[in-house]
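Asks: Here are the chains, one letter per residue:
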Amino acid sequence: MSGLILNSVTKEFGNFTAVDHVQLSVPHGTFVCMLGPSGCGKTTLLRMIAGLDLPTGGSIVLDGEDITAVPTHKRNLGMVFQSLALFPHLSVGENIAYPLRIRGVAREQQVKRVEELLAMIHLPGYADRPVTKLSGGQRQRVAIARALAISPKLFLLDEPLSALDAKLREAMQVELRKLQQQLGITTIVVTHDQREAMTMADTVVVMNGGKIRQAASPIEIYRRPADRFVADFIGSTNLMPLAVEGGRVTVLGQSVPGLTVPGGQASATVSVRPEDVHLAAPGEGRVTGRVTFIRDLGGVIETFVDIAGTEVIAVSTPRERPIVSVGQEVGIAIDPETAVVLTT
Amino acid sequence: MRREPPQRALDYAPLIFPAGMLILFFVVPFATMIAVSFFQRQQGGFYEPAFVFDNYARFLSTFFAGVLGFSLTLAISVAVVCVVLGLPFTYLLSRMRRKTQVVWLVALLSILSLSEVIIGFAWSTLFSRTAGITNLLVMLGLMEKPVALMPNFGAVLTGMTYQALPYTVLVLYPALVRLDPTLTEAARTLGASPIRAFFTVVVPALRNTILATLIMVFIFALGSYLLPQILGRPQHWTLSVLITDQAIYQSNMPFAAAMAVLLVLVTLALVALTLMVGRKGETA
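One line per chain: the protein sequences are A and B, in this order. Number 202 in the working numbering belongs to position 202 of the first sequence; there are no gaps in the numbering. Number 109 in the working numbering belongs to position 109 of the second sequence; there are no gaps in the numbering.
To be clear, the hints were calculated from the coordinates, so they are not data collected in a lab.
Just a few of them, taken from the derived set where beta-carbon distance is under 7 Å, the chain B residues facing chain A:
(1) ASP180
(2) ARG188
(3) ALA205
Residues of chain A placed beyond 12 Å of chain B at every Cβ, according to the derived structure:
(4) THR10
(5) PHE16
(6) ALA69
(7) GLY331
(8) LEU342
Beta carbons: idealized from backbone N, C-alpha and C, even for Gly.
If we strip away everything but chain A, and leave its shape as in the complex, we get:
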């Protein structure tokens, strides 16, 4: 298969397992975002793909070739570092031409390729400028152009946009995604910013504790999280305990028809996104609670409802929401379509 395959890849530092038997298959041309809290092993995994760290177990296969033991400089990849790692002693053009120079590409071809790349990153005519004189966004683009100079098989980025301010970061996310689609290059980005992952990725890989918790499309990760961690980490959600008593499913002690628990377990957790929590009058089949706080943000209204000691947040637009006030008793319908039952 063409693409990247991680086969039970493991990295141990002494007693600590940073990456624990990771199994992942990335088809050619896919944009993958590895997402997780700091220390979850995502950067270590990326460094192993790059060859900067060697796995203590498992294998890495690229386009059918086992590259586990191939040194970094022979892997023909492009990588953008968090610090960008632009060479301060070289100009913009020399930085971009560095991988070509190392490979002994003829001088005229180097110049031509640098011009192409500078046009691609919208910085034409910048070849002779010192990198130290560029703005953050420009340096970012130069680092991307340098990584793409040899048209690598794999494009790796380690928290590439974390140094930019919020506005520029959003713009660069869109630009990076467009660039990747235009080039059709297999791309792996490590990030802790879920917005970034949702914007750019074909596949989001959520990691925690050195393990992959879920690998799926952004919308599936959001709609159908695999476990409590993923549900809680991606976006905000309401997690409510769920129990099965004699074939009847109850949430916070109140019966909810239509919900099913797989595997015949006696207890689980149900995750409902705030925008899927619909307020209504208390009634049959609805979970009843009391409104404790209302935050009216103009465009959306957040309603905080206390149900037997658990706080549930409902987000809705002013038009679709019934008028409620603090202290009022309300019913919440849990729709089996949008609610996700999590057993782990």
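Take the given structure of chain A and dock chain B to it, following the hints.
Replies: Just chain B now, kept in the frame of chain A:
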């Protein structure tokens, strides 16, 4: 903190003490030396005030010019060898664990506590035929019989490199620790082998530090006068040895002063040249 330039004469008051010390202990002795270099030497070891160029003229003889040339060659060799050995060593050191680094640095610093005399005699023992390192090689069967490795140029160079290497490492260390380790990693991902990454990224990025280190070791080595005498033959003696000889044993103070002044001038010229070459490379 105050940022504006000093307004009144009184604002310069804090400078009086250091300025006074500099004048008293540096400017005055150096000016005296320059003055003495033009004095007329008298028989019997005295000299009288005059303004003659005899001392400088005498230096232009092939012998003394040759010694100056040798001194410069030796100092440049020591500087180059120190940087060539010290740079990769310090680079690897800066990538080690903190604890290992401390052990190495302490070991290196302890060399600085050794006097030049001890270093000289230790190396002369190590290089000797009777008790030297060649005896070890003989024991290991690598050599037929022990030989003396001194006195010669190599012995002088080794001794002086040993003495100057700790300084080299100490000057290079902070710059290498500050150097972003992802620079070499980036070079590796872009296709450079670790050795190529070292030469195409680490060395050029540290150009100015390397240049400063070369100049420092060069000047340090230029002043050495004990090790060449212990480990070398008379033809390996540096100008510093001859200056000492003239000033103390020949009692020819004006000539010694003239040689010292010339040594300083040539050194300054070489340093200026190095800096100029360095700056030109930077703008290019």
